[in-house]
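A.B. asks: These protein sequence lines are chains A and B, in that order. Note that the first sequence covers residues 40 to 154 in the numbering used here. Note that the second sequence covers residues -10 to 103 in the numbering used here.
The set of hints was computed from the structure by calculation and includes no laboratory data. Don't be surprised by glycine CBs; every beta carbon is placed ideally from N, CA and C. Any given hint could be a false lead.
Stated by the list, open to error - 27 Å max Cα-Cα, derived DSSO-like pairs, lysine-lysine:
| id | chain 1 | residue 1 | chain 2 | residue 2 |
| --- | --- | --- | --- | --- |
| 1 | A | K96 | A | K110 |
| 2 | A | K42 | A | K109 |
| 3 | A | K52 | B | K57 |
| 4 | A | K96 | B | K31 |
| 5 | A | K42 | B | K31 |
| 6 | A | K110 | B | K58 |
| 7 | B | K57 | A | K42 |
| 8 | B | K31 | A | K94 |
| 9 | B | K90 | B | K31 |
Unchecked claim - Simulated DEER-style distance windows between Cβ atoms:
| id | chain 1 | residue 1 | chain 2 | residue 2 | range |
| --- | --- | --- | --- | --- | --- |
| 10 | B | P29 | A | R112 | 43 to 51 Å |
| 11 | A | E56 | B | K47 | 24 to 32 Å |
| 12 | A | R112 | B | A42 | 18 to 26 Å |
| 13 | A | G79 | B | S19 | 22 to 30 Å |
| 14 | A | G79 | B | Y18 | 26 to 34 Å |
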Amino acid sequence: DVKVTQSSRYLVKRTGEKVFLECVQDMDHENMFWYRQDPGLGLRLIYFSYDVKMKEKGDIPEGYSVSREKKERFSLILESASTNQTSMYLCASNPSRTGVTGELFFGEGSRLTVL
Amino acid sequence: AQSVTQLDSHVSVSEGTPVLLRCNYSSSYSPSLFWYVQHPNKGLQLLLKYTSAATLVKGINGFEAEFKKSETSFHLTKPSAHMSDAAEYFCVVSEIDSWGKLQFGAGTQVVVTP
């Protein structure tokens, strides 16, 4: 079975704290993604990576950064958490580098609350 | 540019009755279209996808969707709802060469009553 694992299901942090969200996939996929999910807004792409050490901004990158040091691991970093970053964060991976297969494999999500 | 509109934010159906979730898209090129389902506290799972083959696409769990280019629609249907179909459903569009970048609709919450 394909597996995308997000290390923390629920986190509570304080404003100004640095937050790390970790994601690991065991499918040898080239592409990895971080989405943010908010009610009524669907999923919005924060960052994606198509290779180790490569990253591209998505639609809402402000306030976030990412790291991909190994192919299987993609980390989302909130340098200084703010209350408007309270949300559900979903990691996904995809095996295609060219063209589109469309099927993303998702983790179960990390629900972050910033107080 | 691509975009997708799910016409209903909530749909309530009785068990055993048909389900219809409506989706309209906008795309500059021939799009790929998808439906994903998210059960409570879970990640998203692919239900079905259209990638320019047959316009009627069959997916998992008895769902199907029809691509209608003239109407720019990709509505999701199921003949008979089951309690386990209660979930949130997302219509998604992607354009060729977008490297897997997908545009998600806002989602439709489906409630199934006994």
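A.B. asks: Hint by hint, note whether the structure agrees.
C.D. replies: Hint by hint, here is what the structure shows:
no., hint, verdict
1, A/K96 - A/K110, "holds, 18 Å"
2, A/K42 - A/K109, "holds, 16 Å"
3, A/K52 - B/K57, "violated, 46 Å"
4, A/K96 - B/K31, "holds, 25 Å"
5, A/K42 - B/K31, "holds, 13 Å"
6, A/K110 - B/K58, "violated, 38 Å"
7, B/K57 - A/K42, "violated, 34 Å"
8, B/K31 - A/K94, "holds, 26 Å"
9, B/K90 - B/K31, "holds, 21 Å"
10, B/P29 - A/R112: 43 to 51 Å, "violated, 27 Å"
11, A/E56 - B/K47: 24 to 32 Å, "violated, 47 Å"
12, A/R112 - B/A42: 18 to 26 Å, "violated, 35 Å"
13, A/G79 - B/S19: 22 to 30 Å, "holds, 29 Å"
14, A/G79 - B/Y18: 26 to 34 Å, "holds, 28 Å"
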